[in-house]
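Novice: The primary structure of each chain is shown beneath.
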Amino acid sequence: MHTDARSLSRRRLLASVAAVPILAATADFFSASGRSISGQVPWSPFAGAPPRPVNPLGWYFFTPGEAAAVEAIVDRLIPADHLTPGGKDCGCAVFIDRQLAGSFGQANSLYTKAPFAVGLPIQGYQGDLTPAGRYRLGLRALADYTHGAYKKDFVQLSPAEQDAVLNGLDTGKIVLKLKPGFSTREFFELVLQNTMEGFFADPLYGGNRGMASWKMLGFPGARYDYRDHIDKHNVRYPRDPVSIYGEA
Amino acid sequence: MRCFILAALLIATPAFAANEAGKYQSVLGDCEGCHGRNLAGGVALATPFGKLVTPNITPDVATGIGTWSQEDFRKAMKQGMGKGGKPLYPAMPYVNYALMPDADVAALWTYIRTVKPVRNSVDVNQLKFPFNLRFLMRGWNLLFFKPAPFANDASKNAAWNRGEYLVEGPAHCGACHSPRNFFGADKGGLSGASLQGWWAPDLTGDGRAGLGAWSNDELVQYLQTGRNAHSLASGPMAEAVENSTSRMTDSDLNAIAVYLKDLPPGPGNGGGATGAEAQMQAGARIYQVSCAACHGGDGKGSAIFPPLAGNPIVTQSSPETLARVVLAGAKGAATVKSPTGPAMPSFAWRWNDEQVAAVLTYIRNNWRNVAPAVSADTVTKIRTSLHSAS
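Here the protein sequences line up with chains A and B, keeping their order. For the first sequence, position 166 matches number 166 in the numbering used here, and the numbering has no gaps at all. Each number in the numbering used here comes from the position in the second sequence (counting from 1) with 248 added on.
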């Protein structure tokens, strides 16, 4: 048995070595060949890959009902106070909508085929739903729950009732009708995580309108020269933040 | 055998020296600037009268000047007449080259004959009607071309005279830096002019837009390296520095500096921006966000990035070069002594015309710079012409 395994691996090795030049020739294995530049660094006028800000209007993924629910949720997760406007006015729901409509929503960078084993908590979601699918399922289940408990949509609840529902989702006191492998708490964590991302990400992506969170923190954003301030310790940086698009 | 090599060297050296002398004449005249690194032409010059493409001046018989005689060449250089009496267009600076002594033109001919022949057929005359009618240049020459040998000014020293000869003669600085009349003839004065989408700056002693604040050494450093404490050459001047001035001798550069620094102040740039407080405030904010990181909050730049404070490019009467550099970006000169050639990125995507106008007005009137305000309309025109040209 040992001998078999060894001879098999040797055969495999030989086969794979033989495959390399074939791969190279057929599949453009080395197509990313180097470019040599001499003399001067190349330059051309109007060069650049400008960032493209998201369109702030309308909904790309959410239905009107879903959008209203998510706006209400983000406004409770980040309530308006003396530090910043609320999550809705900061554009967190728009941020989440654009992300779900894009490659994040489709889980383009993840392996999403079977088998769908139940993983450890540290491994994150292991099921067959994309993030977009999880939002769709979760928001429908949330609407079902609030209609069962309050005969209302989430957005129609009082702030105190909304807080109670969100608290229930977070602590496990409320269990939504989701799918095996996708717990209510996971749904809550997903929304909370994306809300924070929308609150702190560059305004380019639809959230953090007016760079509200950066102003609150004193984070200077996409500035890149601090020579005038590098030696001023324990002094708040005096300048307003700058976004990737250059707003200030 | 050793004697043979020695003899060969003795024969070869005068020929080598003559060739080097001719090559230096091509550096002074910046032949490569228009005819290309290999002198095979094909470089399009956008003139107000249409497109002129520079001819092939390599010794190729079919497409170059391989059939020309030395006399044909002398007439082209000094009289603006090509082989067979065909008048040249004055984009070829024969008005300037006419000042060159015959011996220098002969040396240049010797060198040109040794250049590698390149087969490159060029359709030179792509000018608009009626400028495409070559014979009209005979009339132009009668009006504007008064050939005369260079005359020393006895009241000035040798360096000044050499400087005047170089500036007005082979180096043909006025071809870009002097204003032109309605017929495209050089009006002299070196007080700055627009060409090919750039504004060639004022070279007079004017303190705001000219070279009034530059020392002779700083001027030499600029011509030699493409940069100094005040400015950094880009665009056509970067090419002129790379192909020509950086390869001139120290004494010739010093002569040019002596002559230019003696030019009286020109008409100036028209004074500072008045009633532009809103532009100044908006410009200051844009500057802080997008410019200060490289050019400094104090506008002094750094070892790599040129200063904006006291930089004549910033304070010209016309903001053409300045707006172009901000919109399209620019590439600085790279020379043996200053090889980096730093580049300015394009900000066309980031700022609208009003914002560009505001930041330009701000840098033109901050840190003791004084220059007229820039309007959004001006920026719109420059942006449109840059896009249609590229």
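These aren't lab readings, by the way, just hints derived from the structure by calculation. Note that this is a predicted model, so its numbers are computed, not measured. Keep in mind that the hints are not guaranteed to be accurate.
What the hints assert, rightly or not - Which bits of chain B does chain A cover? Going by a derived footprint, with three or more residues having C-beta under 8 Å, they are:
| id | stretch |
| --- | --- |
| 1 | 594-601 |
| 2 | 610-616 |
Claimed, not checked - Example chain A residues on the side facing chain B (calculated, C-beta under 8 Å, incomplete):
| id | residue |
| --- | --- |
| 3 | W43 |
| 4 | P220 |
| 5 | Y224 |
C-beta: ideal position from N, C-alpha, C; glycine also.
Novice: Using 8 Å as the Cβ threshold, decide whether A:W43 counts as touching chain B.
Specialist: 4 Å, holds
Novice: Tell me if A:P220 is really an interface residue toward chain B, meaning its C-beta lies closer than 8 Å to one of theirs.
Specialist: 11 Å, violated
Novice: In terms of beta carbon proximity below 8 Å, does the stretch 594-601 of chain B have 3 or more residues touching chain A?
Specialist: Satisfied; 5 residues make the cut.
Novice: Using the nearest Cβ pair, does A:Y224 come within less than 8 Å of chain B?
Specialist: 5 Å, holds
Novice: Using a Cβ cutoff of 8 Å, are there at least 3 residues of the stretch 610-616 of chain B near chain A, or does the coverage claim fail?
Specialist: Violated: only 0 residues of the stretch 610-616 of chain B have a Cβ under 8 Å from chain A.
The earlier numbered hints that this structure contradicts are 2 and 4.
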